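Chemist: Listed here are the chains, written in short residue letters.
There are 4 protein chains.
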Amino acid sequence: MSGNSAGKALVLTCFGESHGTCVGAVLDGCPAGLPLTVDDIQVELDKRKPGLTAVSTPRKEEDQVEVLSGVFNGRTTGAPICLTIRNRDAESEAYEQIKNKPRPGHADLAAILKYGGFGDYRGGGRFSGRVTAAYVAAGAIAKKLLATLGVEVLAHTVQIGKVKTVKDVSFDQVRENVYGNAVRCAVPESAGLMEKEVAKAAEEGDSVGGVVEAVALNVPAGLGEPVFDSLDSDVAKMMFNVPAVKGVEFGAGFQAASMRGSENNDAYAVQKGKVTSLTNNAGGIIGGLSTGMPIVVRVAFKPTSSIAKRQRTVNLEKMKESEIQVTGRHDPCIVPRAVPVVESCLALVLADHALRAGKMPRVIKA
Amino acid sequence: MSGNSAGKALVLTCFGESHGTCVGAVLDGCPAGLPLTVDDIQVELDKRKPGLTAVSTPRKEEDQVEVLSGVFNGRTTGAPICLTIRNRDAESEAYEQIKNKPRPGHADLAAILKYGGFGDYRGGGRFSGRVTAAYVAAGAIAKKLLATLGVEVLAHTVQIGKVKTVKDVSFDQVRENVYGNAVRCAVPESAGLMEKEVAKAAEEGDSVGGVVEAVALNVPAGLGEPVFDSLDSDVAKMMFNVPAVKGVEFGAGFQAASMRGSENNDAYAVQKGKVTSLTNNAGGIIGGLSTGMPIVVRVAFKPTSSIAKRQRTVNLEKMKESEIQVTGRHDPCIVPRAVPVVESCLALVLADHALRAGKMPRVIKA
Amino acid sequence: MSGNSAGKALVLTCFGESHGTCVGAVLDGCPAGLPLTVDDIQVELDKRKPGLTAVSTPRKEEDQVEVLSGVFNGRTTGAPICLTIRNRDAESEAYEQIKNKPRPGHADLAAILKYGGFGDYRGGGRFSGRVTAAYVAAGAIAKKLLATLGVEVLAHTVQIGKVKTVKDVSFDQVRENVYGNAVRCAVPESAGLMEKEVAKAAEEGDSVGGVVEAVALNVPAGLGEPVFDSLDSDVAKMMFNVPAVKGVEFGAGFQAASMRGSENNDAYAVQKGKVTSLTNNAGGIIGGLSTGMPIVVRVAFKPTSSIAKRQRTVNLEKMKESEIQVTGRHDPCIVPRAVPVVESCLALVLADHALRAGKMPRVIKA
Amino acid sequence: MSGNSAGKALVLTCFGESHGTCVGAVLDGCPAGLPLTVDDIQVELDKRKPGLTAVSTPRKEEDQVEVLSGVFNGRTTGAPICLTIRNRDAESEAYEQIKNKPRPGHADLAAILKYGGFGDYRGGGRFSGRVTAAYVAAGAIAKKLLATLGVEVLAHTVQIGKVKTVKDVSFDQVRENVYGNAVRCAVPESAGLMEKEVAKAAEEGDSVGGVVEAVALNVPAGLGEPVFDSLDSDVAKMMFNVPAVKGVEFGAGFQAASMRGSENNDAYAVQKGKVTSLTNNAGGIIGGLSTGMPIVVRVAFKPTSSIAKRQRTVNLEKMKESEIQVTGRHDPCIVPRAVPVVESCLALVLADHALRAGKMPRVIKA
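Residue numbers (my numbering), protein chains in the order written: chain A, 575 to 940; chain B, 575 to 940; chain C, 575 to 940; chain D, 575 to 940.
Rather than coming from a laboratory, the hints here were simulated on the basis of the structure.
Some hints here could point you the wrong way.
Because identical chains cannot be distinguished in the list, a pair is counted as satisfied if it fits within a single copy or across any two copies.
As the list claims (entries may be wrong) - 30 Å max Cα-Cα, derived DSS-like pairs, lysine-lysine:
{"#": "1", "residue 1": "LYS846", "residue 2": "LYS675"}
{"#": "2", "residue 1": "LYS894", "residue 2": "LYS848"}
{"#": "3", "residue 1": "LYS939", "residue 2": "LYS673"}
{"#": "4", "residue 1": "LYS933", "residue 2": "LYS718"}
{"#": "5", "residue 1": "LYS848", "residue 2": "LYS939"}
{"#": "6", "residue 1": "LYS883", "residue 2": "LYS736"}
{"#": "7", "residue 1": "LYS673", "residue 2": "LYS848"}
{"#": "8", "residue 1": "LYS846", "residue 2": "LYS673"}
{"#": "9", "residue 1": "LYS774", "residue 2": "LYS846"}
{"#": "10", "residue 1": "LYS892", "residue 2": "LYS848"}
{"#": "11", "residue 1": "LYS933", "residue 2": "LYS848"}
{"#": "12", "residue 1": "LYS892", "residue 2": "LYS673"}
{"#": "13", "residue 1": "LYS933", "residue 2": "LYS673"}
{"#": "14", "residue 1": "LYS894", "residue 2": "LYS933"}
{"#": "15", "residue 1": "LYS933", "residue 2": "LYS892"}
{"#": "16", "residue 1": "LYS892", "residue 2": "LYS846"}
{"#": "17", "residue 1": "LYS933", "residue 2": "LYS883"}
{"#": "18", "residue 1": "LYS892", "residue 2": "LYS939"}
{"#": "19", "residue 1": "LYS939", "residue 2": "LYS675"}
{"#": "20", "residue 1": "LYS675", "residue 2": "LYS933"}
{"#": "21", "residue 1": "LYS846", "residue 2": "LYS894"}
{"#": "22", "residue 1": "LYS883", "residue 2": "LYS846"}
{"#": "23", "residue 1": "LYS675", "residue 2": "LYS848"}
For clarity, every value in this text was computed on a predicted model and none was experimentally measured.
Bound-form chain A, shown alone:
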């Protein structure tokens, strides 16, 4: 049953497959009057381009977004905005073998069982990371909407394989450094180590995972609609739809489990006439509501499932054990390209909730 729409006030509906005509999105509920050009979207989309750097797949996707509806005279109209990104440069033959031999770590087998073998298996079809290009295109609009409220959304790589950045990274470091290195890391020294981690795995025909952190600044307090549409609930839901995500945590996250209450509670103080908290173990969300402090979410990615190494699998036709060696061009680490995706997901949820909470007008005048 249908599950390709997300959000309630700002509804994102996605479509498209890796090797079909295109991937795309319909964004419904965007207020009228927001200035919007194709370039506004393209600049975000370019951030997840493959082939830019040593750590990423040599495929050339040259993603170009097309805006099919909802924009008129350079502004949004209030009607749904349809965005498409045509697919190119697909080598579908490489995927013929997976029709009967599911790749370990991929959705191949579960998809065959669910869709009766009618799914588009080429390049992973609907399960490909390529679908996230549509999230980024829509996310560009969400980010512009949030900017009208002064909200800024950032993301950066904090771990690749066994290399982690030091914990405290300033927002300025994120703003300045992330797109200056191949791994989208805010700390240049760590970036170098991370690049080596990826290179080493690639050499060995293997892959590595990592962790992306996203941050939202100046988020008004009170976003989130408990009990079930809590802000953290909706952010987590959105993050887990990104392929390869295995964990999501806010603020102190899993570390909080081993902390004492007196240590974990964020004490309140008055600063510049406003109530603030002295620490942010909550990651900007308590009781499912934004607190006004920065929202901090970390997203764990497993290593790329497609690896050159020989793996055990099953030939479904013959129902006997077999082996597979995944060919084609694949990122040895998808984390760097996931950075703008995670950023977009956070932006889309925040914009939806800003609308739901009545913080954003239905018509943007400025």
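Following the hints, position chains B, C and D against chain A.
Modeler: Relative to chain A, chains B, C and D alone:
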């Protein structure tokens, strides 16, 4: 804007406050014909009772569920099932101070900002852990629905404070041991250490957090509706609405970030004529779909926010810094009572998705 | 699959059966701060009481609403409001015969086919007009919300059997006369004729239908979210869930089909510095949006299905033709009691759309 | 707030404007395995083509559907199906005048008030009847889905202006005659009179309305999810989103209001071993559930708002009264082109409810 409903085929709508008349739930979409008695629900509800054990609050809630609709002649009718659990034994006076002095770690401040001070602040009102009693009541029905498909859902404490259980716990240990100790741990030796961890924190007027793991067995492959209503997305969303949850991970979870692909991928094999995977780092979900392997999800809880220790806060009326000492009776660790809640949340999402995927009939005959 | 919730920003979830414990509603999404007492609701509920008048059933329901959640210190809190109305005075034995002999005009047969015979058939169960008591209770809150915007919602009987009121009834007539006669008609002369129409049918063991018109005044322009959540779409959807409704039309309605464009188009003019239309054939809605003119909707009710006359039916157990004579106490015309229901349905949809369109604050201060 | 999606199991999301790049639809939730070609859709789309006949606008739209996703190797995959229909032949200059002078009977004024003047006003933009091309394209898929259950959906014109067909038209007449005349009428004699009615209005620079009836045969009993997602509720909601619709009725409809219960109730009998009703005043729906009898719904259309005659309006810039003469090419009666639209709307709702009620598999094997 409304956010108190969860699920699409099996829709749970919750209501009620900690110190109001009752907490309750409407479960809509339950197939007709399921045998259901008040006792079926009460037995699950009793698992989250406070006051049973040394580690838990001395409040006596004596939660008694009432079934107001949707059941006739001992079976569900297909109409919405309304369940209420009356509140008793509330000491609301203890909460007068928090009207103007938000408790650190609690939703008090964000709630005041969102609801203009009109919220029911007594006992945390709508933000109280007490609302989860309604999840457990509804979850009892979800578990009965899943049982008709042979699906079993279990949960247990795997960490309290700094004490963790050894990683591999058998399902039989979970079934047998969890409700035999105060901390709901499947490993008796660990249970003892965990109880001490809680006791020590309590003595010091402090609190501890922990981690609950839930497992679902015999889940049919193909549950989940990608891309946005992925099974892990919906499970995570449901878990994050439980008060105090700060992290959710599936299978290898955050550990997967530092693994190699060759290590993390679960190789396929044929066992007893069926395809299975030799490991379960995926936690039973790939590409947002259940794989047929056990679903394994871990949920991190922060330490209880209400602690006896003196904390820094702000007097909102005077806009100046102040202190607060939270009185009233509070669990020094809410993890043990969260075990049946986490179990219920997983059951509710799985039952919803089994219906969505067409795995469950609209009328149960048996 | 679940279908007992309506609305998106203001979500009404209903439950309960005719002869079960109660009927009830959860209203989720109501802004915080709205002054609300039990009496505010009870006064609306009393309008649909049976047994008040000669034209209505002698059953004594004495509907008393209970507010279980979402109200604190005389104001709404922003949390879901659960309302229940206990059932009394049920004579369930009269319904034993319908288990196997479906009553013509009733949902009995379709319900058996859908719910496998597990439905609560007593008094029509979930299909009883009694469920609309919950709509009226929730509608009382919607009306109070709309009043904060200056919106007024009215309803009156315009046809019973073959007796119609003259077409143009002033809003003042509606306000003053409707609850002054048994048939809820704004024109006293017509009311007399209508009462006779009902009495005559009753004498003959038969029943009559009719038409209710609802009007909303001072509705801000621009409510409605085309293309699918158009204002007329959502109003019509809500009306058709009221038992016995067979037709819905706005403004000129079916008459418009035989009009010329030049005759049907409402010309614009400037009055008191504001744009207005000189006629209102549109019934206040064009293109799915409110125009600012009064919203006018008419709802056709079929005659009560339960009649004393002998009717042809089928004995389902024996699969042979049979007869049935419906006993029990039934309204010979349900139209008068439907008047507050239709009014409530219109109010609920308008309040939902006022919230969706950003016309209503999330916190009501006044 | 977003309102461009309809349905719950089979979700239709629409986008596009009259004079923009295209109109389109995403259909999400279609089972996998349904054989589907571009021609299957094109043949339905061709039924609403303008310019075919004397009664319709001379615009040449040459609608060609493109399938962007969700179909692979000639079958649906279970992924969302995106359909686009490019716009051509647009004369946008004709619409410059309406920026400040709203056309009577059109959504112009309400749209300006809602979207702050940022809406795409060319050709009515999002409010144009052109958006219904996307409904027909998606409806073609719904009809193919229903055909797998043996369900057939038909529609025909039963009234244009003051000319009505005789009431009883056989299903065979509908199947054979509807697309054999310009007005889509099942009775050739009436068709001639209707054509004259349209021609006469056109000559006078005026327009006429009419009524379309849709019928669904072999619908399984028990579709519909009361109380709020009743089958008639959802059908009516879908119909009212079609531009120019002012009334919807089922079976006896508004006539039922003046009938007696003994006359309106459909008596049951046994025919060929099955329970059937001897009449169908219910129009195939009772209590919001399909009864197994033919579903009969009638939809009233107002006369085309765009007429050549001079009309009173207001110049919004100057806030003074003015006149407008609508130029451009417009159908003097949109009813004939609405026939396939009404048919598609009924098909879409029935397919959605067949999925919701568990009557349709998630994978179509055949």
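Chemist: State the violated hints by number, sorted upward, taking the hints as numbered earlier in the document.
Modeler: Failing hints, ascending: 9, 17.
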